[in-house]
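Asker: Using the hints provided, position chain P relative to the given structure of chain G.
There are 2 protein chains.
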Amino acid sequence: MSEKHIVIVGAGLVGTLNAILLAKRNLTVSVYEKRRDLRREPPPSGRRTTNLALTSRGMAALKQVGVAEQIAPYQVAMFARMVHEVDGTMHPLYYGRKEQFILSTQRNKLNEILLNAAEKFPNLTCFFEHKLTSCSLKTGQLEFLHKGKKVRVQADVVFGNDGAHSTIRLEMMKCSLMDVQQIYVPYGYIELPVAKTKNNDFALEPQHLHLWPRDDFLMLCTANWDRTFNIALFMRFETFSSLKTEDDAVEFFKKHFPDALALVGEKNLRSSFPTWYPYPMVTIKCSPYHIEGKALIMGDAAHAMLPFLAQGVNSGFEDCMLLNSLLDIHKDNFAAAFSEYSRCRKADAHAVCDLTLYNFLEMRQLVNTKTFRLKKKLDNILHAILPNNWIPLYSMVAFTDIRYHICKQRKQYQDQILNCILVLGAALLFFLLITTVIWVYVSWDRHW
Amino acid sequence: MSEKHIVIVGAGLVGTLNAILLAKRNLTVSVYEKRRDLRREPPPSGRRTTNLALTSRGMAALKQVGVAEQIAPYQVAMFARMVHEVDGTMHPLYYGRKEQFILSTQRNKLNEILLNAAEKFPNLTCFFEHKLTSCSLKTGQLEFLHKGKKVRVQADVVFGNDGAHSTIRLEMMKCSLMDVQQIYVPYGYIELPVAKTKNNDFALEPQHLHLWPRDDFLMLCTANWDRTFNIALFMRFETFSSLKTEDDAVEFFKKHFPDALALVGEKNLRSSFPTWYPYPMVTIKCSPYHIEGKALIMGDAAHAMLPFLAQGVNSGFEDCMLLNSLLDIHKDNFAAAFSEYSRCRKADAHAVCDLTLYNFLEMRQLVNTKTFRLKKKLDNILHAILPNNWIPLYSMVAFTDIRYHICKQRKQYQDQILNCILVLGAALLFFLLITTVIWVYVSWDRHW
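Taken in order, these protein sequences are the chains called G and P. For what it's worth, the working numbering labels the leading residue of the first sequence as 372, then goes sequentially. For what it's worth, the working numbering labels the leading residue of the second sequence as 372, then goes sequentially.
Be careful, since some hints might not be right.
Chain copies aren't distinguished; within one or between two, either way the pair holds.
[Unchecked claim] Derived BS3-like pairs: lysine-lysine, alpha-carbon spacing no greater than 25 Å straight-line:
1) K518 / K545
2) K717 / K545
3) K502 / K520
4) K545 / K405
5) K545 / K509
6) K521 / K545
7) K509 / K405
8) K702 / K509
Source of the hints: derived by calculation from the structure; they are not laboratory data. Just so you know, these numbers come straight off a predicted model, no measurement behind them.
Bound conformation, chain G alone (with noise of 0.2 Å):
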């Protein structure tokens, strides 16, 4: 066992991934959880507690902990996106080829296993209940609030693994030459819960990822494995806030959303109108992400990102995935695995940030019209032609590992030859009606 003394603090997903992967390496581990141990008491209902979609390069963290048969039950598969019009048409647009699919997975329950998968390890314990109050990342000095009184811990290496409000990213901005980014969207969101029907089925067809885009605003309902489902609404602050009574939301509801509305009852949105208190959403770009051997942060804590390309937990256990093969070819060298950890992951965290906001776009608008959707059937009759040449945006983040930045690079230069296409091809229209006008026009004459 290595005399260096690991601290994790967090103990959501990325950051009990990570203590699995670092426990593996034979060191003592520490894990620190401000909340209390979900798997005792399960949190309060309400934010951040529902599904999230897994991708293949988050299913390739949980093969490797040997984690992935345990969640399996708890997870959907969902094949499409289905787009519901507000006359009640739906229409679905799949996420790849027919058979490709990602994997609605209930949040909690991945803790739940993961917390489980940790605690086998001899060399790793995890507290709970347990507030970084202050930090010293140069020295390892830790303070923590546990119950009201102090625990002090003396760390070799701080890992940050606590979210998009990260103290310990706060810590580094004070003593690190760190350029941050951190911008909120104007966009909130709530959350709704859509029972099972009478029968104890799944009210929706499951395996699609159910969307309602309304240009500026956007919902979305993805399945549980229990057979409800959860709603998600994206709208502006100012347009959650001209909703003022009930009645505003059950209007607003029939206006734009009336088959939801079915679905989660008029009166289940009236009831829980009184808690629409819409929560913000951040996309926090930050680099470098270490201090000298000392300290790293990973995960949201490093690349906070909108939800809408589910990349979210999935880039968080690349984050994972990545610091442990530098473990492997720097020999548990932290200093010099966090260097080159840095200096290659700043693109890709980059990248993943600037497509959520672009898939944001896609999804509540771009996906409404005529262009985007002549554009996503030649994206896949090319895909289809050249499989491994041409591979469009959301098959590269969620069904390869192709780092996310060259996923941009190529979406980006895909997206221009999509365009040349698209124009010769109304060139070339436009060619054929003239010279059949000119034919029918001769012909026209010539018959007289």
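Answerer: Okay, now just chain P, sitting in the frame of chain G:
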């Protein structure tokens, strides 16, 4: 006297000016500063202890609080940048019209004068050696550490005037939806003193800002009222690192700044070399600046910028003046004033940060180009012809109170016109040349 207790964190230049303006409103003001009182114990020599340049925005604020005359003996007027070429030739670039100047001012002296002015108010108290250790901006509870003891303070309104590494800004980031962009440039700086001559005189012409622009690095030298000078050398961190020994530093000066080497003295340069730890420079843009009538950040805490436009302190003083006007308009309603302050200050604070980045490029590189000098001449001619409608960027920033974002817009617009004039001028010259050649040829032909 109002019941409201105003707490200002930071007794630097902006904090002290802010305190005076608030004390004049009959509010109870407490200023907490982590450092010792610089009037009793001068701060250790080193960074940020030297001079700054006050322009009309800053001087307007000092006039308003009645200390402009007191600082006058400690100021040196500067009328132009004096560009030093490698071969020793020099040429001036005037800041505006030949009679316009900015004021090189001793930072600590100004701070002393402001602190003395502040402490004349019976409703204003300054507490030194009080380091903020924790705060809750929403409840106004602050905790300071003073000589090893905790001091708890209850505030109604908290001002963060605590500089670029503001603790109050970090607290705001935790409890409000603040957009933040923090970027370190890859350049650092060191300072070097220049002594008086043996005749007790200035070693250089004091009424110029001396400038050694060397494309990728830059040296500045400004006069102090006591007839010494301060040199600041700005270079990439890797350029600093490439100078490994005293000899390297001397060789570097011989090659790039031979006349400055004579000023500093080879012996002094060698003895200063071990202390060459380049200080980083950061640009911080954020928004909003307030929490609902409870807290506001101003000065470097809200908009840290590069020092190349001399607007750090000037813009901070302008912040105080703006707040003062808004409190007049809103009759001391802090919630309304803060909200309007954030709304209207953002564009200006972001613009001045951008302008300092541009000015860094201008000072280290553009001034070396012939096109820039030609444009600058043209800029001045147009200003002479249209004094109110055409104002060069530097003059707008330094000699007017035109809002920074308008300065930026007008600069871009004027630049486009200058470029057009240069292109048209070149085309006209070319046309004249061709016409002359043809005329000469025709005359020559006829002659024969």
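Asker: Hint by hint, note whether the structure agrees.
Answerer: Evaluation of the provided hints:
no.	hint	result
1	K518 / K545	between (28 Å within a copy, 22 Å between copies)
2	K717 / K545	both (20 Å within a copy, 23 Å between copies)
3	K502 / K520	both (10 Å within a copy, 24 Å between copies)
4	K545 / K405	both (22 Å within a copy, 16 Å between copies)
5	K545 / K509	both (11 Å within a copy, 22 Å between copies)
6	K521 / K545	both (23 Å within a copy, 22 Å between copies)
7	K509 / K405	both (22 Å within a copy, 22 Å between copies)
8	K702 / K509	within (22 Å within a copy, 47 Å between copies)
Violated hints for the displayed structure: none, as all numbered hints are satisfied.
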